[in-house]
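Top line first, the protein sequences correspond to chains A and B.
Just so you know, we're using my numbering here: the first sequence kicks off at 1273 and counts up by one.
Just so you know, we're using my numbering here: the second sequence kicks off at 1273 and counts up by one.
No lab work stands behind these hints, which were simulated from the structure alone.
Backbone N, C-alpha and C define an ideal beta-carbon position, used for all residues, glycine too.
Just to be clear, a hint being listed does not mean it is correct.
What the hints assert, rightly or not - Take a look, some chain A residues computed to stay more than 12 Å from chain B by CB distance:
id : residue
1  : Gly1295
2  : Tyr1385
3  : Asp1424
4  : Glu1429
5  : Arg1464
6  : Tyr1471
Said to hold, decoys possible - Covered, in the sense of this in silico footprint (three residues per stretch, anywhere, with C-beta under 8 Å from a C-beta of chain A), are these stretches of chain B:
id : stretch
7  : 1317–1323
8  : 1338–1348
9  : 1375–1382
10 : 1408–1417
2 protein chains.
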Amino acid sequence: MRLYDFEFSGNCWKVRLLLDMLGLEYERVPVDSSRGETQQAAFKAVSGRGQIPVLEDGDVRLWDSQAILFYLARRYGRAGSGAPQAGAWLPEDAVGEAQVLQWLALSENELLYGLARARAALKFGRPFDVGACQREGRAGLDVLEARLAGHDWLVGERVTIADLACYTYVALAHEADVALDDHPAVRAWLGRIAALPGYRAMQGL
Amino acid sequence: MRLYDFEFSGNCWKVRLLLDMLGLEYERVPVDSSRGETQQAAFKAVSGRGQIPVLEDGDVRLWDSQAILFYLARRYGRAGSGAPQAGAWLPEDAVGEAQVLQWLALSENELLYGLARARAALKFGRPFDVGACQREGRAGLDVLEARLAGHDWLVGERVTIADLACYTYVALAHEADVALDDHPAVRAWLGRIAALPGYRAMQGL
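Sequences are here, hints too, so could you generate the full structure?
What follows is the structure, given as structure tokens:
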């Protein structure tokens, strides 16, 4: 398996977390999106969308972190799939699947266009409105807090890909200058995820 | 079934299209997001996220259009599910599912933060950078064009929820002042969707 990957991308980190937690081996192909490498011809030939992460698994090539998480969970996350640490990363019923997709949507909206963009503006000089992004990010944190105040995990009683998808940009909220003081349940949940077997932190910037 | 809905929301329109194409009956509860009704207490009690659409089906309550599309396709889209017009709206294999999720991601990123935000700025006076949103929208259109130049549908050989998810804000691109002159395959695909049984247009603004 091959992952087109940037160490400091929260979207790539989501995928690395699941690969590591499943115990799967993979090759990392570094693509520095902060220096425009995703827009260069070499990478555009891999994915016309021009974004990382991209996963290749035999003949399968997938772009977008949510699609990759879903694929890995379905293909390798089931007990008996052959992955060293398979587990129930994705429910099998229609309601459970849809609940996972709700949180994937939160991660692709409030967290990505809020927290991640505020961080990208502050850390990588991208031209986003930091205040507006921080407000959007805090709206997402409030939704997470409301769920996590009464539950350990976002869907059901176990960790799923919903948790990993929402985790990374929340764990990086300090780089977006967004404090978690008002979100104690979110902070506790960050700790639960960091304690999972296979967890590996992003290298410091 | 009950849908919290705004006629002029492209995200709500996606859900209405699938409900109508499946031949399912539902009650519409109008929530005017352009006038801030999604942020009022009455609606916040329905969904703390404060966004439409929200679907209620018996005990199940779901927010976010991608989660709702996935749920409806899984629950009612399978042959024999009892919906009047069930069909294969969602593949059953890991690769096909993930390919659908790629396009759901495109619809929640380039199309929503590009085309839909440009439209929201121009039609509803929202404070977004129209030029930047139009550029992001065009990047999404290029990804669609590349796929549709060689295929009738976004995933496999049949219409799926991926097509409906990407359809609405592309069909509304003129309201975002984005022309489709350079995207002939996208234009042809819009026509194929509008010709599907059960299709119903958004009322004109």
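We went through each hint and held it up to the structure:
1. Every beta carbon of chain B lies more than 12 Å from that of A:Gly1295, the smallest distance being close to 18 Å; the non-interface claim holds.
2. Distance check for A:Tyr1385 against chain B: the nearest CB is about 6 Å away, which does not clear 12 Å, and the non-interface claim fails.
3. A:Asp1424, annotated as away from the interface, keeps every beta carbon of chain B farther than 12 Å; the closest lies near 19 Å.
4. The beta carbon of A:Glu1429 sits about 18 Å from the closest Cβ of chain B, which is more than 12 Å, so the claim that it is off the interface holds.
5. At roughly 22 Å from the closest C-beta of chain B, the C-beta of A:Arg1464 stays outside 12 Å, upholding its exclusion from the interface.
6. With a closest Cβ-Cβ approach of about 24 Å to chain B, A:Tyr1471 is found to remain outside the 12 Å limit, as its non-interface label requires.
7. Requiring three or more residues with a Cβ within less than 8 Å of a Cβ of chain A, the coverage given for the stretch 1317–1323 of chain B holds, as 3 such residues are present.
8. Counting residues of the stretch 1338–1348 of chain B whose beta carbon lies closer than 8 Å to any beta carbon of chain A gives 7, which reaches the threshold of three, so the coverage claim holds.
9. With 5 residues bearing a CB less than 8 Å from a CB of chain A, the stretch 1375–1382 of chain B meets the requirement of three and the coverage assertion stands.
10. For the stretch 1408–1417 of chain B, the assignment as covered by chain A holds, since 3 residues bring a beta-carbon within under 8 Å of that chain's beta-carbons and 3 suffice.
The structure does not agree with numbered hint 2 stated previously, though it agrees with all others.
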